[in-house]
Amino acid sequence: MISESFLNNLNYGVVTLSVVEGYIIRINQIEASTTLSLT
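Numbering follows this note's numbering, in which position 27 of the sequence shown is assigned residue number 27; successive positions increment by one, without gaps.
Please keep in mind that the hints were generated in silico from the structure rather than gathered at the bench.
If you're wondering where the values come from, they're calculated on a predicted model, not measured in any experiment.
You may find that some hints are simply not true.
[As the list claims (entries may be wrong)] DEER-style ranges, computed between Cβ atoms:
#1 Val14 with Leu38: 31 to 39 Å
#2 Ile2 with Ile24: 46 to 54 Å
#3 Leu38 with Asn11: 36 to 44 Å
#4 Ser37 with Phe6: 27 to 35 Å
#5 Met1 with Thr35: 51 to 59 Å
#6 Leu38 with Ser3: 34 to 42 Å
By construction, the Cβ of each residue, glycine as well, lies at the ideal position given by its N, Cα and C atoms.
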């Protein structure tokens, strides 16, 4: 039987990954826009 704490850790890990992924996408968009404005 899977413990409840394991499921909570799994959910927390998924949320953390999605937040990190969102930050990476945002940083990439900022870098793309800055390189466009520089040229």
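We went through each hint and held it up to the structure:
Checking the proposed 31 to 39 Å range against Val14 and Leu38 shows it holds: the Cβ atoms sit about 37 Å from each other. Hint check: Ile2 to Ile24, Cβ distance near 30 Å, so the stated range 46 to 54 Å is violated. Leu38 and Asn11 have their C-beta atoms about 41 Å apart, which keeps the hinted 36 to 44 Å range intact. Range check, Ser37 to Phe6: about 47 Å between beta-carbon atoms, so the 27 to 35 Å window is missed.
Taking the beta carbon of each, Met1 and Thr35 are about 52 Å apart, inside 51 to 59 Å as hinted. Our hint of 34 to 42 Å for Leu38 and Ser3 is violated, since their Cβ atoms are close to 52 Å apart.
Hints 2, 4 and 6 from the list above are not met by this structure, while the remaining hints are.
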